[in-house]
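Chain by chain, the residues:
Number of protein chains: 2
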Amino acid sequence: MAEIAEPAAEVESSCDEVRSILSRVGEKWAPQVMSELHSGPRRFNELLRLVAPITPRMLTVTLRGLESDGLITRTVHPTVPPQVEYGLTRAGRKLFGIVSAVVGWTDENLAAVHAARAAYKTTNG
Amino acid sequence: MAEIAEPAAEVESSCDEVRSILSRVGEKWAPQVMSELHSGPRRFNELLRLVAPITPRMLTVTLRGLESDGLITRTVHPTVPPQVEYGLTRAGRKLFGIVSAVVGWTDENLAAVHAARAAYKTTNG
DNA sequence: CCGGATCCAGATTGATACTG
DNA sequence: CAGTATCAATCTGGATCCGG
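Protein chains in written order, with the UniProt record's numbering: chain A, 1 to 125; chain B, 1 to 125.
Please keep in mind that the hints were generated in silico from the structure rather than gathered at the bench. Check each hint, because a few of them may be wrong.
Which copy? The list can't say, so a pair holds if one copy fits it or any two copies do.
Cross-link-like lysine to any residue pairs, in silico, SDA-like; alpha carbons within 20 Å at most [unchecked claim]:
#1 K28 <-> N124
#2 K94 <-> G104
#3 K94 <-> W105
#4 K94 <-> R117
#5 K94 <-> A115
#6 K94 <-> A112
#7 K94 <-> S68
#8 K121 <-> S20
#9 K94 <-> P56
#10 K94 <-> G40
#11 K121 <-> S68
#12 K28 <-> L47
#13 K94 <-> Q32
#14 K28 <-> A52
#15 K28 <-> T60
Note that the structure is a prediction, hence the values are computed from the model and not measured.
Given the sequences, and given the hints that come with them, work out the whole structure.
Following this line, the structure appears as structure tokens:
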């Protein structure tokens, strides 16, 4: 299992890959979508309601992005009306665990972040 | 110490804050800058060389962003010529630990990511 | 030496309406 | 149900030149 707080020496090596992942989960709606899928597989319109007020277009874009990086699966059931189910892959679940660590960090450091922002605003514009 | 793989229930609460942090460390040059500062305090032109080929403007923008969130400190030494030293704060070091977890994830799942991208390209675009 | 100011191209996001 | 199409607005990163 991946440990955090490792000194990290090889940030340079796969640097672009890391950034692409960081950017992916940093997209506007990605964390919420992954969070909902972490509870279990969901269908398009379920996500549309759960991740409100996301638009259909942005949900599609977000899902396609996550799918293209192998973080979620898209399963089409050839029924009438059509059913499409989205779910986290194993890799996606692991990555969401790390995102959760960022959530934990944010909770712990929220005061510090706000203080820094206020101080920055005071010092500068 | 923050543990990863926590189920994460409160992603909604501080959701915007989490996203702002995710976006911050997902900025183009932020991981490299934090990586260099993790080794110890650096001056502007040192970073300019180490994080090449970053431009002065983007280094300034990146440093200001990280500073405004309390992830790095900016210390001006009133000498001639002026010296400015940048360093990670305690919160910044912790957050970089989490970023390192993403680096680890990327190393472990690089093959899966590439396979997913290839498969996605084949199926679609 | 350490940036700031200006201008610009491309990427991201959103509102709205429509379809197999 | 599960998306697409189109248009507009905003944000981001970069090139270049300027200043304390």
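Verification of the supplied hints:
Proximity of K28 and N124 under a CA criterion of 20 Å is satisfied in neither setting, with 27 Å inside one chain copy and 23 Å between copies. For the homomeric pair K94 and G104, the shortest alpha-carbon distances inside one copy (15 Å) and between copies (11 Å) are both at most 20 Å. Proximity of K94 to W105 under the C-alpha cut-off of 20 Å is found in both arrangements, the shortest distances being 17 Å within a copy and 8 Å between copies. Only between protomers do K94 and R117 lie at most 20 Å apart by alpha-carbon distance; the minimum there is 18 Å, versus 31 Å within a single protomer.
For the identical chains of this complex, K94 and A115 are inter-copy neighbours only, at 17 Å across copies versus 32 Å inside a copy, given an alpha-carbon limit of 20 Å. For the homomeric pair K94 and A112, the shortest alpha-carbon distance between copies (13 Å) is at most 20 Å, but the shortest distance inside one copy (28 Å) is not. With identical chains, the CA atoms of K94 and S68 are at most 20 Å apart within one copy only, with a shortest distance of 17 Å there and 30 Å across copies. With identical chains, the CA atoms of K121 and S20 are at most 20 Å apart between copies only, with a shortest distance of 17 Å across copies and 30 Å within one.
Neither within a single protomer nor between protomers do K94 and P56 lie at most 20 Å apart by alpha-carbon distance, with minima of 27 Å and 36 Å respectively. In this assembly of identical chains, the alpha carbons of K94 and G40 lie at most 20 Å apart only when taken from the same copy (14 Å versus 30 Å across copies). Only between protomers do K121 and S68 lie at most 20 Å apart by alpha-carbon distance; the minimum there is 8 Å, versus 39 Å within a single protomer. In this assembly of identical chains, the alpha carbons of K28 and L47 lie at most 20 Å apart only when taken from the same copy (15 Å versus 29 Å across copies).
In this homomeric assembly, K94 and Q32 come within 20 Å of each other (Cα to Cα) only inside a single copy, at 15 Å, whereas the closest approach across copies is 23 Å. For the homomeric pair K28 and A52, the shortest alpha-carbon distance inside one copy (12 Å) is at most 20 Å, but the shortest distance between copies (28 Å) is not. Taking identical chains as interchangeable, the C-alpha atoms of K28 and T60 lie at most 20 Å apart only when both belong to the same chain, with a minimum of 13 Å there against 24 Å between chains.
Comparing the model with each numbered hint stated earlier shows that hints 1 and 9 do not hold.
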